[in-house]
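Peer 1: Which chain is which? The protein sequence lines are B and G, in order. Numbering-wise, the first sequence is residues 1 to 174 according to this note's numbering. Numbering-wise, the second sequence is residues 1 to 170 according to this note's numbering.
A few of these clues could be false.
Claimed, not checked - FRET-style restraints, in silico, Cβ to Cβ:
no.: 1; chain 1: B; residue 1: G21; chain 2: G; residue 2: D78; range: 31 to 37 Å
no.: 2; chain 1: B; residue 1: C13; chain 2: G; residue 2: A3; range: 43 to 49 Å
no.: 3; chain 1: G; residue 1: R6; chain 2: B; residue 2: E57; range: 41 to 47 Å
no.: 4; chain 1: B; residue 1: L32; chain 2: G; residue 2: P119; range: 44 to 50 Å
no.: 5; chain 1: G; residue 1: A98; chain 2: B; residue 2: R42; range: 32 to 38 Å
no.: 6; chain 1: G; residue 1: D58; chain 2: B; residue 2: F120; range: 47 to 53 Å
It is worth saying that the hints were derived from the structure and are not from the lab. Predicted model only: the values in this text are computed from it and were never measured. C-beta: ideal position from N, C-alpha, C; glycine also.
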Amino acid sequence: MMFKSRRCGYVRCRLSACIDGELSGKDMKIVLSHVESCSGCRRALDELKMLDPLLREYDVPSVPENLIKNIMTEAGRRTAGEFPGVRDVPAAWTARIGPAFSRAAVAAVLMIGLAAGSFFGWSAGRGKSAPSASDDPGSVNVEVVYSLDVFGAAPYGSIESAFAMAKNGGEEGK
Amino acid sequence: MLAAGRGELEAFEEIVSRYQRSAWNTAYRFLYNHEDAEDVVQDAFIRIFDAAPRYRPDASFKTFFYTILIRLCLNRIDRRKPDADLPEDIPGPEPGAAERLMESEKRRAVRSSLAALPPAQRMAVVLRYYEGMGYKEIANAMQISEKAVERLLSRGRAGMRASLPEWLKK
Chain B
1 MMFKSRRCGY VRCRLSACID GELSGKDMKI VLSHVESCSG CRRALDELKM LDPLLREYDV
61 PSVPENLIKN IMTEAGRRTA GEFPGVRDVP AAWTARIGPA FSRAAVAAVL MIGLAAGSFF
121 GWSAGRGKSA PSASDDPGSV NVEVVYSLDV FGAAPYGSIE SAFAMAKNGG EEGK
Chain G
1 MLAAGRGELE AFEEIVSRYQ RSAWNTAYRF LYNHEDAEDV VQDAFIRIFD AAPRYRPDAS
61 FKTFFYTILI RLCLNRIDRR KPDADLPEDI PGPEPGAAER LMESEKRRAV RSSLAALPPA
121 QRMAVVLRYY EGMGYKEIAN AMQISEKAVE RLLSRGRAGM RASLPEWLKK
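Taking the hints into account, I'd like the entire structure generated from these sequences.
Peer 2: What follows is the structure, given as structure tokens:
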């Protein structure tokens with residue numbers, strides 16, 4: 001947009017804030033004195049001002065009759081403990097996550113069980129060949145440390161390996 | 001609000017009574033849909049209730065409430081289909097037939113031009129024109145700077161002006 005002068009560009013950016021009375025004293029003085037002498041900026045200001053009465057035309061319907069009743073019913077249910085412990089959880093989230101939460105809880109229990117089993121299996125399966133803090137670092141078996149035998153039937157550290165070890169009297173891999 | 005946080009429903013009902021009108025007006029003017037506005041307002045009050053035990057009166061409750069309401073309105077708009085219906089017409093007073101038609105068209109044009117604004121500009125215009133909020137209040141409620149509010153309102157007004165029919169601009 002080409003303005004008559006640089007001052008026009010400065011003023012046009014501030015016309016909206018001028019209408020709202022949100023300009024600093026200094027800027028308000030600049031804008032008001034400029035529009036007195038610049039017909040283009042004065043017209044732009046008038047065009048923005050004409051929106052005010054038009055926007056007032058935007059009526060809204062009355063507040064729904066049951067609005068407060070529905071809100072208080074829900075609040076009452078929460079106070080009565082129908083949703084224990086969820087006063088910090090938004091209502092919409094509660095309705096959505098309820099079923100998902102129970103599924104997630106079951107999955108979490110299974111994962112914890114598997115992880116615990118793997119850990120204990122790994123712990124039980126640690127033998128002389130396993131790297132440990134007490135071993136001489138120079139003698140760590142790199143193949144064991146970086147082994148990719150996870151695709152084997154009983155990879156090192158797995159539950160299968162631990163069972164095999166227990167069955168075979170403490171020897172890994174047999 | 002502190003009383004509501006202690007579970008005193010009468011106190012919460014007082015809050016709802018005091019703010020339901022302005023919440024409804026804001027939500028309806030922004031979403032221009034009865035059902036969406038009702039859902040959002042109910043959701044906003046329930047979230048206020050849920051958060052009441054943690055509420056600290058450090059900031060204005062109005063700002064706190066509007067922050068939640070605005071966020072819910074913006075989320076609802078994001079989820080809305082692009083070809084959602086235009087604002088519903090609200091019957092005005094009963095002058096003659098020609099005047100009624102003119103008034104109806106004027107209201108429709110204003111609603112459409114407001115609805116055509118991007119969500120952030122629309123919200124800034126609604127809060128300024130209909131809730132009488134200053135730039136600082138709008139900035140706090142929308143969690144933006146005052147300069148950003150000034151830009152939103154400037155662009156919003158320019159956008160509305162551009163989309164109004166010529167006969168309305170005279």
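Peer 1: Indicate, hint by hint, whether the structure satisfies it.
Peer 2: A quick look at each hint next to the structure:
1. B:G21 / G:D78: 31 to 37 Å: holds (33 Å)
2. B:C13 / G:A3: 43 to 49 Å: Between C13 of chain B and A3 of chain G, where Cβ atoms are some 46 Å apart, the hint holds.
3. G:R6 / B:E57: 41 to 47 Å: Check passed, 44 Å falls within 41 to 47 Å.
4. B:L32 / G:P119: 44 to 50 Å: violated (33 Å)
5. G:A98 / B:R42: 32 to 38 Å: holds (34 Å)
6. G:D58 / B:F120: 47 to 53 Å: Because 50 Å falls inside the window, the suggested range holds.
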